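**Student:** For reference, the chains in residue letters:
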Amino acid sequence: MKKLFFLLLIVGSSALMTGCASGPKYSEMKASFPAVPQDNGRIFFYRTAVLGAAVQPAVTVNGKEIGTAQPEGFFYVDRPAGNYTVETSTEVERRLSLTLETNQTRYVRLNISMGFFIGHVYPELVDNMAGENEISDCHYTGSK
Amino acid sequence: MVCVIFLAGCAFDISYVKQLPATFTASTNNVESFVLDRPVKATLGTGFPTRLNAGTRWQQVGETEYGKVFATKDQVVTVEASNIYEAQLVVSNQFITGFYLIVENKFAPVTRPIRIETQPINPKPDTLK
Chain A
1 MKKLFFLLLI VGSSALMTGC ASGPKYSEMK ASFPAVPQDN GRIFFYRTAV LGAAVQPAVT
61 VNGKEIGTAQ PEGFFYVDRP AGNYTVETST EVERRLSLTL ETNQTRYVRL NISMGFFIGH
121 VYPELVDNMA GENEISDCHY TGSK
Chain H
145 MVCVIFLAGC AFDISYVKQL PATFTASTNN VESFVLDRPV KATLGTGFPT RLNAGTRWQQ
205 VGETEYGKVF ATKDQVVTVE ASNIYEAQLV VSNQFITGFY LIVENKFAPV TRPIRIETQP
265 INPKPDTLK
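Respectively, the protein sequence lines represent chains A and H.
Residue 93 in our numbering sits at position 93 of the first sequence, and the numbers go up by one each step.
Residue 231 in our numbering sits at position 87 of the second sequence, and the numbers go up by one each step.
This is chain H alone, in the form it adopts within the complex:
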């Protein structure tokens, strides 16, 4: 029985990323950007959390029904289970809701929305007062 469990675990994908259909619309103007104040450990229930580094700069590249989609050039962002997917961050009302899987055009939700603390990169004049 133990051997069967081991075999099943090794021969097939033992950990999946939950993937939901997503409609991605690329941003053209009025894009938001921010710097992440603190590191974030985002869990998707796969056993492989995605870590986002403090100080990384994020720029909006689009939008889905799950929130605005942000990309960064400051670190590689992947979502990992048995397979690994390059991803972009999905944020709604200052909460990370999940990740947009770029190649698959799917949304991978986090187990629980995560509140993030950010600083705008180009603050509007009235926020500088």
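Only chain A is shown next, with the shape it has when bound in the complex:
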């Protein structure tokens, strides 16, 4: 019985670990981010929650897939100034609408909430100070 418990613990931990992002940390990459292209702004997306690690929906911006909501992961996109809709889709779709100005940096946290069958991931716009603080330990996953 004890062996079975430890086996389940190892399998469970492995499943959780494999679900998490493993690239370099934001804090390590910060100094080497490329400059934002002219007339563009930058949007960072990050997910701190490990809860519901198996739920990793695609993230779209104005209908185009740009990344995946991996636990402890982050990615970013540069876009021209304008209006944007961020969307995640699990058993439901969750949207965030936001504006982006030239040279502006925005942070979108990908939260997880309870669902009926699986958890829901929803995008939330956060203050830059909170965003930069929360994202620092997240690992780069790359964008599409």
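It is worth saying that the hints were derived from the structure and are not from the lab.
All of these numbers come straight from a predicted model, not from anything done at the bench.
Each hint can be trusted.
Listed below are the simulated DSSO-like cross-link pairs for lysine-lysine, each with C-alpha atoms no more than 27 Å apart in a straight line:
hint, chain 1, residue 1, chain 2, residue 2
1, H, LYS217, H, LYS185
2, H, LYS185, H, LYS212
3, H, LYS217, A, LYS30
4, A, LYS64, H, LYS250
Computed Cβ-Cβ distance ranges for the label pairs, DEER-style:
hint, chain 1, residue 1, chain 2, residue 2, range
5, H, PRO193, A, ASN103, 24 to 34 Å
6, H, ARG259, A, ALA54, 40 to 50 Å
7, H, GLN203, A, ALA54, 40 to 50 Å
Residues of chain H placed beyond 10 Å of chain A at every Cβ, according to the derived structure:
hint, residue
8, LYS162
9, THR167
10, PHE178
11, VAL184
12, GLN204
13, GLY211
14, PRO253
15, ILE260
For glycine and all other residues, C-beta sits at the position ideal for the given N, C-alpha and C.
Start from chain A and add chain H according to the hints.
**Tutor:** For chain H alone, kept in the frame of chain A given last:
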């Protein structure tokens, strides 16, 4: 029956932001600005109130038929239900009437107008006496 209710709740948007058509006109001159004296909890009947922090500075960016539209760089302003919308504050005669949803170009009214206490950022000379 309970399962059906749960399923309905999870599969669809369970909370909506009421959105009314709005005609937004951008401000060019004679814009107002103020500092919010006290924190404000604005409810829109969604179960997710929008909180405005004391000390935030607001500048008029436009006008709609529901009031003057103010924006701030001191905090993120969103209106939340099942989805989240970036928003700007709409004030008429010192009362918050609702929020202007920037991307949707719509007005989201608060459940009840909220009186706010403010300080002008650039007081006119006669108010300094």
